[in-house]
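2 protein chains.
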Amino acid sequence: MKITAVIMAGGRGERFWPQSRVNRPKQFLSLTADGETMIQKTVTRLSSLVDIEDVFIVTNKSYLDLVKEQLPSLPEENIIAEPAARNTAPCIGLAAGIIRKKYDDDAIMLVLPSDHLIKFNAMFVDILKQAIKVAEDNKNLVTIGITPTYPETGYGYINFSSSDTEYQGAYEVVRFVEKPDIDRAKQYVSSGEYLWNSGMFVWKASSILANIEKYLPDMYKGLAKISETYGTETFEETLCNIFPQLKSESIDFGVMERADDIYTIPGNFGWDDVGSWLALERINPTNEYGNMVKGDVISINTKNSTIIGGKKLIATIGLDDLIVVDTDDAILICSKDSSQDVKKVIENLKICNRNELV
Amino acid sequence: MKITAVIMAGGRGERFWPQSRVNRPKQFLSLTADGETMIQKTVTRLSSLVDIEDVFIVTNKSYLDLVKEQLPSLPEENIIAEPAARNTAPCIGLAAGIIRKKYDDDAIMLVLPSDHLIKFNAMFVDILKQAIKVAEDNKNLVTIGITPTYPETGYGYINFSSSDTEYQGAYEVVRFVEKPDIDRAKQYVSSGEYLWNSGMFVWKASSILANIEKYLPDMYKGLAKISETYGTETFEETLCNIFPQLKSESIDFGVMERADDIYTIPGNFGWDDVGSWLALERINPTNEYGNMVKGDVISINTKNSTIIGGKKLIATIGLDDLIVVDTDDAILICSKDSSQDVKKVIENLKICNRNELV
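Taken in sequence, the protein lines are chains Y and H.
Each residue of the first sequence is one higher than the one before, starting from 1105 at the first, in this note's numbering.
Each residue of the second sequence is one higher than the one before, starting from 1105 at the first, in this note's numbering.
Certain hints may be false.
Copies of the same chain are indistinguishable here, so a pair counts whether it falls within one copy or spans any two.
[Stated by the list, open to error] Calculated cross-link-like contacts (lysine-lysine; reagent style DSSO-like; alpha-carbon spacing at most 30 Å):
no. : residue 1 : residue 2
1   : K1454     : K1407
2   : K1172     : K1440
3   : K1205     : K1233
4   : K1243     : K1206
5   : K1237     : K1398
6   : K1415     : K1145
7   : K1447     : K1325
8   : K1448     : K1415
9   : K1398     : K1416
10  : K1205     : K1318
11  : K1398     : K1415
12  : K1454     : K1325
13  : K1318     : K1440
Honestly, the hints are just simulated from the structure, not real lab data.
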């Protein structure tokens, strides 16, 4: 049975401004000391499980060159360039249609974000193998859940049933829930019946397409028209004509919250969604003062801060809990409490028509 | 009677790093919105009282070009270039010798730092006029004191006698005291008998030279040899040979703390010694959030901060009481509490032999 990977790399993640820009979002950045970008790490991580010929990158048309540049060993025809951003349901459906056409109904898809980090790769691969076993059987949809360690309000949760299933280590999903408030998040974490929704899925191409056909029939029809032409001269044109007309919909809301036969496998492999600059001190070594420092930095009485230099010296004195990021055309200085407000800077830049900085 | 000004511009003030550098210290920076540098302001401030031909700048040899560039209307021969830094006593003595030679014994010298700010120029000029009257008489030395507004521990103090003198508004100096600790500073301020020592003096060339001869006889001999040659071909050579051999001594310690016939005139003309980055918010307008902002800055939830941009955008989020200064090759980010520690950065740079940044 063919195992493929579908890596979703169309996101425009703004939370790493000023390093991330519309024309170089987070998945194309290197945020760790090893210099590999997030998408490169995502592909490398799968190398023992999936041949590079069977890895598909679904991305926005505008990132085509970045993908080619960062993944030179990937066959060019495996880059699926969306002519418009339509959220995850059309993205995954398009990849599923192409994979079913290229291989067969039973081809397994590992659907993965391109901008998360995983610390324990071997454990991650083991979980994927387990998920593949469940997904091979019948019409099952499998989602990788993350054992929650604290009541995060920024993630969706998966409510699972702890009753035994026919698949060891896999649990039936009761329901998907959107980002909760803090009280609910606390309840979820203490109940032992909820996992974080990591946005990683494993299924047969035919299984997810059957569900899209059932719950999103219009989208299915559009996707079918596109994938019919895959491998022919008219593919590009059909994609450009039809894809932008598809409804923008997430796979969670469009399919997972409605479908049956969903299993979750709890993973505990050091997952990090690298959701903001705060992540940098989690995913990189910090020094004895709790600082995560990169570049030419002189720190005096500075602690618990993340300081990322550019081409010039940064001197910090008497700082605590601060994020400093220098780039060629912009400097961010942000208290850790405010890391989510980076998007306000981008809003401001857009309003002022300063698109060269967005 | 000839009135001259001697502006001391040899300081290497490090507290405005990264804008100030060894090769461009504070007096040559513009720290106010009007774009004038500190030394330009100092000269402009005197224009109603002293002809530009009678203004002398004593500076370090290495700042000769900066002085010429910033004060193009100043006669070049009025720039006295010290071949070595020897503190204020030799600096003032050298200028006094030259002025006595060029004019006469009775020529008045207004001795002024080049890197202080004064808000109320007219009041300042009135105080100088009053001081000139006292200095014309006899062998008096006059120092301008500043009415203290809080117990500053960073300044020296002048203890004065509130008994009437023969000069209205001028008081006899009891003693000069060095920078006090906080308890003493409080005592001084509450006593009503102490003024801040601003380092501004008014006297005849002959008066200060007589005192130097009395209290610093070796220095006097050296200075006499130099000023003898003023206006001749050998001046430059004599200056370079003798000046570096003079003892490094402040005029306060060397003369003022020992001399008689010292009067002080209290001034209240909005004096600011601009001693650190903290001064910027005092000497410049702040916005409704208490921020002093210059350059291309987007501030979100930022208050009571001083942000000085360079060539790129600075975005600040959730900051309070911070100083941010961007220059072409270095960025400073410093809590207001730590503004005095800027010198530690410079020490660090020196130790690491990174002199291009000092």
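Evaluated hints:
Taking CA atoms no more than 30 Å apart as the test, K1454 paired with K1407 passes between copies only; the shortest distance there is 23 Å, against 33 Å inside one copy. Taking the shortest Cα distances, K1172 and K1440 never come within 30 Å of each other, neither inside one copy (35 Å) nor across copies (47 Å). Taking CA atoms no more than 30 Å apart as the test, K1205 paired with K1233 passes inside one copy only; the shortest distance there is 23 Å, against 96 Å between copies. When the C-alpha separation of K1243 and K1206 is checked against a cutoff of 30 Å, the pair qualifies only within one copy, where the shortest distance is 20 Å, while the shortest distance between copies is 104 Å.
Taking the shortest Cα distances, K1237 and K1398 never come within 30 Å of each other, neither inside one copy (42 Å) nor across copies (61 Å). Taking CA atoms no more than 30 Å apart as the test, K1415 paired with K1145 passes inside one copy only; the shortest distance there is 25 Å, against 34 Å between copies. When the C-alpha separation of K1447 and K1325 is checked against a cutoff of 30 Å, the pair qualifies neither within a copy, at 36 Å, nor between copies, at 69 Å. Taking identical chains as interchangeable, the C-alpha atoms of K1448 and K1415 lie at most 30 Å apart whether they share a chain (25 Å) or sit on different chains (22 Å).
Taking identical chains as interchangeable, the C-alpha atoms of K1398 and K1416 lie at most 30 Å apart whether they share a chain (12 Å) or sit on different chains (20 Å). Proximity of K1205 and K1318 under a CA criterion of 30 Å is satisfied intra-copy only: 19 Å inside one chain copy versus 104 Å between copies. Taking the shortest alpha-carbon separations for K1398 and K1415, both the intra-copy value of 11 Å and the inter-copy value of 22 Å come in at or below 30 Å. In the homo-oligomer, the alpha carbons of K1454 and K1325 never lie at most 30 Å apart, since the shortest distance is 36 Å inside one protomer and 70 Å across protomers.
In this assembly of identical chains, K1318 and K1440 lie within 30 Å of each other by CA distance neither inside one copy nor across copies; the values are 44 Å within and 62 Å between.
Hint check: violations occur at hints 2, 5, 7, 12, 13; the rest are consistent with the structure.
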